[in-house]
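If you read the sequences in order, they're chains Y and S.
The numbering used here puts the first residue of the first sequence at 11, with every later residue one more than the last.
The numbering used here puts the first residue of the second sequence at 2, with every later residue one more than the last.
To be clear, the hints were calculated from the coordinates, so they are not data collected in a lab.
Heads up, some of the hints might be wrong.
Stated by the list, open to error - Just so you have them, the derived chain S footprint on chain Y, three or more residues with Cβ under 8 Å:
1. 25-37
2. 77-85
What the hints assert, rightly or not - Quick list of the computed label-pair ranges, beta carbon to beta carbon:
3. Gln-135(S) x Gly-44(Y): 42 to 52 Å
4. Arg-66(Y) x His-89(S): 40 to 50 Å
5. Pro-50(Y) x Leu-121(S): 32 to 42 Å
6. Ala-59(S) x Gln-22(Y): 33 to 43 Å
7. Gly-44(Y) x Glu-88(S): 40 to 50 Å
8. Ser-127(S) x Asp-14(Y): 22 to 32 Å
To be verified - Cut-off 35 Å, straight-line C-alpha distance, at most; resulting in silico cross-link-like pairs (DSBU-like, lysine-lysine):
9. Lys-53(Y) x Lys-113(S)
10. Lys-96(S) x Lys-149(S)
11. Lys-149(S) x Lys-128(S)
12. Lys-96(S) x Lys-40(Y)
13. Lys-53(Y) x Lys-96(S)
14. Lys-10(S) x Lys-145(S)
15. Lys-53(Y) x Lys-149(S)
16. Lys-10(S) x Lys-96(S)
17. Lys-96(S) x Lys-113(S)
18. Lys-40(Y) x Lys-128(S)
19. Lys-145(S) x Lys-113(S)
20. Lys-10(S) x Lys-40(Y)
21. Lys-145(S) x Lys-128(S)
22. Lys-145(S) x Lys-96(S)
23. Lys-40(Y) x Lys-53(Y)
24. Lys-128(S) x Lys-53(Y)
25. Lys-128(S) x Lys-10(S)
26. Lys-53(Y) x Lys-10(S)
27. Lys-4(S) x Lys-53(Y)
28. Lys-128(S) x Lys-96(S)
29. Lys-4(S) x Lys-96(S)
30. Lys-4(S) x Lys-145(S)
31. Lys-4(S) x Lys-40(Y)
32. Lys-113(S) x Lys-149(S)
Every residue gets a Cβ at the ideal spot worked out from N, C-alpha and C, and that includes glycine.
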Amino acid sequence: MLSDAQIRSFAQIGSERNIEVCLFTTPRAKFDTGALWNAPAGKFIQWQVRGADQIRYSLDDIFRACDLGIRSVLLSDYASSR
Amino acid sequence: MGKLRDRGKLPRNLIIKSSAILAPSNPASCSLLERLGADTINVSTDFSTALIGAIREATQAPLDIYAESPDGIGGFVRHFETPELIEHCSSIYIKLGLRNSADIYPYGRHMKSLALRLSLERVRRSKLVYDLIQREYRDAQMSKAGLKFEDLGVPEI
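The following block holds chain Y by itself, in its conformation from the complex (with noise of 0.2 Å):
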């Protein structure tokens, strides 16, 4: 949920003083519709990428972070680490 601009001047800042800047990538269950993640023994879905779609999304978040000049994202599904 960051514009284009405010990504290059979170690169810029970190470019400048050589500190790293990293992104956690979405969407998550927790951002679908399904309710899996709200019921009680469902919780540690929540963080999961859940279907093809939404893997398809975060690798669309993590390209367009490179473009941006982003070097560091955080991920939270091991799917997504392969």
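For chain Y, the structure is supplied; the task is to place chain S on it using the hints.
Just chain S, lined up with the frame of chain Y:
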């Protein structure tokens, strides 16, 4: 992502961090994450120094460790443990969430003042932990701020 990076579809110097939400809970899980391409690993936030030490034996990846974790993943306040964590589990990144504070994901401008205040308190708490490390473990080696290290994902513009 690890494969995309290997193939050059993503920048080869892209740092991939695995989140505390994955909460890998044993040395084998951490080793698996490392093989998948994770450059740094957040371990389960409630792990003792001994359990994290066993993970250190199984992986070369720096470990991201909460000296204080956000409420949503435990709210543990472990400032006093940081010297022994450094001694037995390095290389590690020490970080601070905030106990007793709101979860602001996803952030937006409507909560700007709150986010700013949370960030300032994190800085203050970080200084407390920094000072504690200086008192209790003077020989701890800390990366110097402002220098460029290969294992940091510094933006390229």
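Verification of the supplied hints:
no.	hint	in the structure
1	25-37	holds (count 9)
2	77-85	holds (count 7)
3	Gln-135(S) x Gly-44(Y): 42 to 52 Å	holds (48 Å)
4	Arg-66(Y) x His-89(S): 40 to 50 Å	holds (41 Å)
5	Pro-50(Y) x Leu-121(S): 32 to 42 Å	holds (35 Å)
6	Ala-59(S) x Gln-22(Y): 33 to 43 Å	holds (38 Å)
7	Gly-44(Y) x Glu-88(S): 40 to 50 Å	holds (44 Å)
8	Ser-127(S) x Asp-14(Y): 22 to 32 Å	holds (30 Å)
9	Lys-53(Y) x Lys-113(S)	holds (27 Å)
10	Lys-96(S) x Lys-149(S)	holds (19 Å)
11	Lys-149(S) x Lys-128(S)	holds (22 Å)
12	Lys-96(S) x Lys-40(Y)	holds (24 Å)
13	Lys-53(Y) x Lys-96(S)	holds (24 Å)
14	Lys-10(S) x Lys-145(S)	holds (32 Å)
15	Lys-53(Y) x Lys-149(S)	violated (39 Å)
16	Lys-10(S) x Lys-96(S)	holds (31 Å)
17	Lys-96(S) x Lys-113(S)	holds (22 Å)
18	Lys-40(Y) x Lys-128(S)	holds (33 Å)
19	Lys-145(S) x Lys-113(S)	holds (30 Å)
20	Lys-10(S) x Lys-40(Y)	holds (28 Å)
21	Lys-145(S) x Lys-128(S)	holds (15 Å)
22	Lys-145(S) x Lys-96(S)	holds (16 Å)
23	Lys-40(Y) x Lys-53(Y)	holds (9 Å)
24	Lys-128(S) x Lys-53(Y)	holds (33 Å)
25	Lys-128(S) x Lys-10(S)	violated (39 Å)
26	Lys-53(Y) x Lys-10(S)	holds (33 Å)
27	Lys-4(S) x Lys-53(Y)	holds (29 Å)
28	Lys-128(S) x Lys-96(S)	holds (11 Å)
29	Lys-4(S) x Lys-96(S)	holds (28 Å)
30	Lys-4(S) x Lys-145(S)	holds (31 Å)
31	Lys-4(S) x Lys-40(Y)	holds (26 Å)
32	Lys-113(S) x Lys-149(S)	holds (30 Å)
Checked against the numbered hints above, the structure violates hints 15 and 25; every other hint is satisfied.
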